[in-house]
Amino acid sequence: MEHIFSASERELPGMVVIDLQGEINAFADQELSAAYERAEGHATPTVVLNFKEVSYINSTGIALIVGLLARARKAGRRLAVYGLSDHYQEIFQITRLADFMNIYSDEASLVAELS
Amino acid sequence: MNTPDQDNANQKRSETAWAPPTARMKVGEMTGSARNINVDGRQPMSPLQGFGQMWQKTFKVRLSGVDKSAAEVMQIWKENFPKFQPPENRFYPSMAGIQPGEVLLIEAKVPPFAGLPSILPVVTGVMVLYADDTTFTVMTPEGHPEAGWNTFSVFEEDDVLVAQCQSLCRPNDPLYDFFNRFMGASSQQDKIWIHVLVSLADHFEVKGQVTTDKVLVDPKVQWSQAKNIWHNAAIRTMFYVLGTPLRWLRPKNRPSS
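If you read the protein sequences in the order shown, they are chains A and B. Throughout the first sequence, residue numbering follows the numbering used here, covering 29 to 143 in sequence. Throughout the second sequence, residue numbering follows the numbering used here, covering 23 to 279 in sequence.
Don't take each hint at face value.
[Claimed, not checked] Straight-line Cα separation of at most 30 Å, DSSO-like style, residue types lysine-lysine; simulated pairs:
(1) B:Lys236 to A:Lys102
(2) B:Lys213 to A:Lys80
(3) A:Lys102 to B:Lys79
(4) A:Lys102 to B:Lys100
(5) B:Lys131 to B:Lys236
(6) B:Lys79 to B:Lys48
(7) B:Lys90 to B:Lys48
(8) B:Lys82 to B:Lys213
(9) B:Lys48 to B:Lys229
(10) B:Lys249 to B:Lys82
(11) B:Lys242 to A:Lys102
(12) B:Lys249 to B:Lys229
(13) B:Lys229 to A:Lys102
(14) B:Lys213 to B:Lys131
(15) B:Lys90 to B:Lys229
(16) B:Lys90 to B:Lys131
(17) B:Lys242 to B:Lys100
(18) B:Lys105 to B:Lys213
[As the list claims (entries may be wrong)] Which bits of chain B does chain A cover? Going by a derived footprint, with three or more residues having C-beta under 8 Å, they are:
(19) 58 to 72
(20) 85 to 93
(21) 166 to 178
For the record, the hints were derived by calculation from the structure and aren't laboratory data. The C-beta atom is built at its ideal place from N, Cα and C for all residues, glycine as well.
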């Protein structure tokens, strides 16, 4: 089975966006963690995860996101997300991640609110 | 970039694997005689909602020489999940088995102090949050000793099948946190997952050595969650047990509400 996942970051005013692509599962761990570490290098108060090109998230993938959220909270940063499908928005509700992060439908609405 | 067909296939795969949206746990028709006193109607808890420090603990066993696929091993693990538990930790799956959204009731006994025998009953449960061919994850309810998830998976590593239990949890309330830190409850919980993996390896006649890796994900204690103690399943089970004589005395012909 092929496990393709990539993550790259870019800076916007007041935030750094990590663009995620592929499946988020155990095999995404190192790549995701490395991207988050690079994002931490930008001195912005908000880190944003862009799920627009994410095709699948399993329960280990959700656990990885909890790990990022814990890191963000420890550093006093806000973690926001956008680009989740309706289905994964429901998953963020069930897993109660939604209680701890702001979910936006797209980048424009996120930028409008956070900039 | 995926084609629309691939997107639809992924969407279907995901919808089948994840529990349907639910704000509160609902106990279905159960196997065995488990008591459902601390689960029905409780909210599922993520590791973010608990009280104590958040730990990720990973227990692994290599199933060397097992000539089966990861999915076949997982199927056997799911079917025998209650059997692989230690005697003081009894799991009661629903009639549907380990399926997304289903609840497994648990009747456990815990030691009052580190090193003493397990005699204090705790009745609780977990909800299957996610299940696919090689992985399943259970999520704890309010009142459970831990807030969070346990993920059980089988995968290949260096051409050998590996079975793994990974928990991402924090103690649910101050009392559980105290027992974890000072009364050995945390190592008791570790022993349960080690027992499960050894039992699974035994099933395949493998003498497995379980490895353990612990990472402190969030050292912070969340005092805002101290209120979770209201649902503490250990306290509620104790009151339930103490109230047993009163329930015996209650008239049996009283109409149920």
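Quick rundown of the hints versus the structure:
Simply put, Lys236 of chain B and Lys102 of chain A have alpha-carbon atoms about 19 Å apart, close enough for the 30 Å limit, and the pair holds. Among the hinted pairs, Lys213 of chain B with Lys80 of chain A is inconsistent with the structure: their alpha-carbon atoms are about 41 Å apart, more than 30 Å. In summary, the hint linking Lys102 of chain A to Lys79 of chain B is supported, as the alpha carbons are separated by about 19 Å, within the 30 Å threshold. For a cut-off of 30 Å, the pair hint linking Lys102 of chain A to Lys100 of chain B is broken: about 36 Å separates their Cα positions.
With a C-alpha separation of about 24 Å, the suggested pairing of Lys131 of chain B with Lys236 of chain B holds against the 30 Å cut-off. Proximity of Lys79 of chain B to Lys48 of chain B is assessed by CA-CA distance (about 28 Å); at most 30 Å being required, the pair is judged to hold. Simply put, Lys90 of chain B and Lys48 of chain B have alpha-carbon atoms about 35 Å apart, too far for the 30 Å limit, and the pair is violated. The suggested pairing of Lys82 of chain B with Lys213 of chain B holds, with an alpha-carbon distance near 13 Å, which does not exceed 30 Å.
A C-alpha spacing of about 38 Å is found between Lys48 of chain B and Lys229 of chain B, which places the hinted pair above 30 Å, so the restraint is violated. The suggested pairing of Lys249 of chain B with Lys82 of chain B is violated, with an alpha-carbon distance near 34 Å, which exceeds 30 Å. A threshold of 30 Å between alpha carbons decides the hint, and for Lys242 of chain B with Lys102 of chain A the separation of about 8 Å falls inside it, so the pair holds. Between Lys249 of chain B and Lys229 of chain B the alpha-carbon distance is near 44 Å, which puts this suggested pair outside the 30 Å criterion.
Between the alpha carbons of Lys229 of chain B and Lys102 of chain A the distance comes to roughly 41 Å, so the proposed pair goes past 30 Å and is violated. Using a Cα cut-off of 30 Å, the hinted pair Lys213 of chain B and Lys131 of chain B holds, with the two alpha carbons roughly 13 Å apart. Distance hint between Lys90 of chain B and Lys229 of chain B is fulfilled; the C-alpha atoms sit about 17 Å from each other, no more than 30 Å. Between Lys90 of chain B and Lys131 of chain B the alpha-carbon distance is near 34 Å, which puts this suggested pair outside the 30 Å criterion.
Between Lys242 of chain B and Lys100 of chain B the alpha-carbon distance is near 34 Å, which puts this suggested pair outside the 30 Å criterion. For the given pair, Lys105 of chain B sits about 16 Å from Lys213 of chain B by alpha-carbon distance, which is consistent with the 30 Å threshold. Note: the segment 58 to 72 of chain B has 6 residues with beta-carbon separation from chain A under 8 Å; the three-residue rule is met and the coverage holds. With 0 residues bearing a CB less than 8 Å from a CB of chain A, the segment 85 to 93 of chain B misses the requirement of three and the coverage assertion fails.
With a cut-off of 8 Å between beta carbons, the segment 166 to 178 of chain B has 4 residues touching chain A; three or more are needed, and the interface restraint holds.
The structure shown violates the earlier hints numbered 2, 4, 7, 9, 10, 12, 13, 16, 17 and 20.
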